[in-house]
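A.B. asks: Go by the hints and put chain G onto chain Y.
Just so you know, the sequences run in chain order Y and G. Add 22 to a position in the first sequence, counting from 1, and you land on the number used in this note's numbering. Add 4 to a position in the second sequence, counting from 1, and you land on the number used in this note's numbering.
Treat the hints loosely; a few may be bogus.
To be verified - Restraint-style ranges between C-beta atoms, simulated for each label pair:
no.: 1; chain 1: Y; residue 1: GLY209; chain 2: G; residue 2: ALA33; range: 57 to 63 Å
no.: 2; chain 1: Y; residue 1: ALA51; chain 2: G; residue 2: ALA301; range: 51 to 57 Å
no.: 3; chain 1: Y; residue 1: GLY209; chain 2: G; residue 2: ILE155; range: 57 to 63 Å
no.: 4; chain 1: Y; residue 1: ILE320; chain 2: G; residue 2: TYR288; range: 39 to 45 Å
no.: 5; chain 1: G; residue 1: LEU174; chain 2: Y; residue 2: ARG203; range: 26 to 32 Å
Bear in mind the hints are in silico, worked out from the structure with no lab data behind them. Each residue gets a CB set at the ideal place from its N, CA and C atoms; glycine is no exception.
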Amino acid sequence: MNTRRDFLKGVLASGAALSTASIAPEANARETRHRPAEGLGLLYDATLCVGCKACVAACKEANENPPEFSTEDHLWDTPLDTSGYTFNLIKMYRNGTMETKDAEVNGYSFMKTSCMHCADPSCVSACPVSAMSKDPVTGVVGYDPEACVGCRYCVVACPFGIPKYQYDSPTGKIGKCELCRHRYKDGHYSACAEVCPTGATLYGKTADLLVEAKRRIALAPGSVTTYPRGKLGGPDQSYEAPVGNYLQHVYGETEYGGTQVLKLSAVNFAKVGMPDLKPEAAAARSETIQHTLYGGLIMPFAVLGAMTYVAKRNVHHEDDAPEQAPGKEGS
Amino acid sequence: MSTQHHAIPAPVGGNLVNATTFVCGVLIAVMATIILIRLFFGLASTTNVNDGYSWGIWVVVDVFIGSALACGGFCMALLVYIFNKGQYHPLVRPALLGSLFGYTLAGAAITFDLGRWWNFWHIFWPGYFNVNSVMFEVAACITLYIIVMWIEFSPVFLEKMGLHDTRKKLNKVMFIFIALGIVLPMMHQASLGTMLVVMGDQVNPLWQTPLQPLIYLLTAITLGYGVILFESCVAASAYRRQIEVPLLNPMARVMLGIMGFYLFARFADVTFRGVLGLAFQFNYVALTFWIENACFAAPFLLIGSAEARRNPARLFLAGIAVMLGGVLLRLNGFLIAFDTGPGWSYFPSLPELLVTVGIFAAEILGYVIITRRFPVLPREDAQLAH
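Bound conformation, chain Y alone (with noise of 0.2 Å):
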């Protein structure tokens, strides 16, 4: 009788404590954050890429890493994806013949991989010790090498492949492109937008680089305009060249909140490796999850309260023993 009264109490007891728990998940929801107003991204156009990878040696020189090679004879920086000493890449895609710039067919396209700076980033929502923090002002995704304990959980997490290790070091960091932060103070910008002789990649805040972006696809295709390079809105670098066939899509515009790198192309975002990612970032979807479960530890005080009610009743099973005759141990 006494056993299946409190059986019958532990059931209520824990199921009480659950659904009181899984009423007001709602409040909890943590909608996908959007790109702070101030926020600093690049713009890269494929169609002003020629490939001649400044942007790459100027990354490296910036970030004083150590070349990579994939040749035999070690002579040039010749790394083949980024890695945790190689933050920016410029790749090409392939196609039949190669014979025309941005064709989908027969053709060829350059496309630049580095850091997108999301608006609701994986890897800062993934670090458990905020190694990977985005700054509420500028919006730029820093790490610090000092807090990582190298789990490497925001390497598996990005949907662009961006956080890098080093795995051949026994005191290994992450590897990503920073824009260029530490060389602010010196009145410098993102390297690679430095030396780019066309203003394929472009500096700035992304709220004007994005309405430059929009500009150039509304442009008719093979009509004269004007390209600023550098830094939008700094010294006037520009020139005039014919406007790219492009794709009417500015990628990072919506992508996961949007991310502070934009880019434009006139090959099929997919076919030169940007992923097709939903407005919804998975970051606000993990911490939805995370704080209707844990949010102030309601949850699980309330069903520790209810075990701990429980457990006491029922505990008298341990106690005794050895000593005692184990008739007490229900049959």
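C.D. replies: Structure of chain G alone, referenced to chain Y:
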């Protein structure tokens, strides 16, 4: 009932040096050597992890799967102390011991996978830890649980050392630790599933769902019971003891009930989200999905009837099937159905595998030493010969 006969735990006794412990010792020494190499020369010197698959088996198997396989202790506590099924009491200590080793070694295993392990304390330090991070919740919760389990298990050592007063005092507050020992694993086993959510579309939709915490929690519980089936049979055969069929039979029924609910939730979820079609494509992802779920369904065939549940061989096989299902669910989500883009692949290196083998060897060695020297397994008169 024969429970009376089995109720009091006692050391099994016998020699600590035998073929099993010797092999375990060798495997542990190999593991220690590989870990030293890793610590001096970096992860690339011993593992195949890369930027596409940055989490290899040291994380997915040693920690995620290792901790799930170590859910026996919490599952038995749930039955005995919350649902007041006192008759299962003889199974509590052996199950807790398995959990204790599983979790302690999972905790140890993660430290040498950490790229910057000397900063590990940051996870517990205000100003560093990030409450939005699922990893933070898992790490903090697992650490607390390991401490709670050692406290729960300490009466075994206190009994051995004859500290009866301390033991009695501890027993007065033990219900608090028992409750914590149930809530903490529920929290982090659920969160281990939530860890997939932030990875977004890189995880195949068959395994990417907001229901992840429920799926991982339910399978952790069934895995707990599956491991107890497996462990009881192995311990009985290794120590030539009776198998506790009168206890395992009803417990297996509880397991089937939870598993039935799990399978319903799993298929309702993939159907409701409209991704069930992915399971009917001709590729390895669909194949592994069906193998995983077949493992969870197999026990209904093996031990569906009360009569079948009295057959130790069937109980043993059902335990293995449940364990395989839980192992595959986790391998699938984090490795097999995880696609980070073209050009990346991962298969563990030999040293990587040897470390994982070493971890399991350490668990077996610990289990043998403790059960032979400390009162864990129920006393059985017939085994005095050892």
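A.B. asks: Next, verify each hint and record whether it holds.
C.D. replies: Tested hints:
A hinted range of 57 to 63 Å for the beta carbons of Y/GLY209 and G/ALA33 is consistent with their spacing of about 58 Å. Distance hint check: the CB atoms of Y/ALA51 and G/ALA301 are about 35 Å apart, inconsistent with the given range 51 to 57 Å. Against the hinted window of 57 to 63 Å, the Cβ-Cβ separation of Y/GLY209 and G/ILE155 comes to about 59 Å, which satisfies the hint. Distance hint check for Y/ILE320 and G/TYR288: the Cβ-Cβ separation is about 42 Å, which falls inside the suggested range of 39 to 45 Å.
Look at G/LEU174 against Y/ARG203: about 53 Å separates their beta carbons, and that is not inside 26 to 32 Å.
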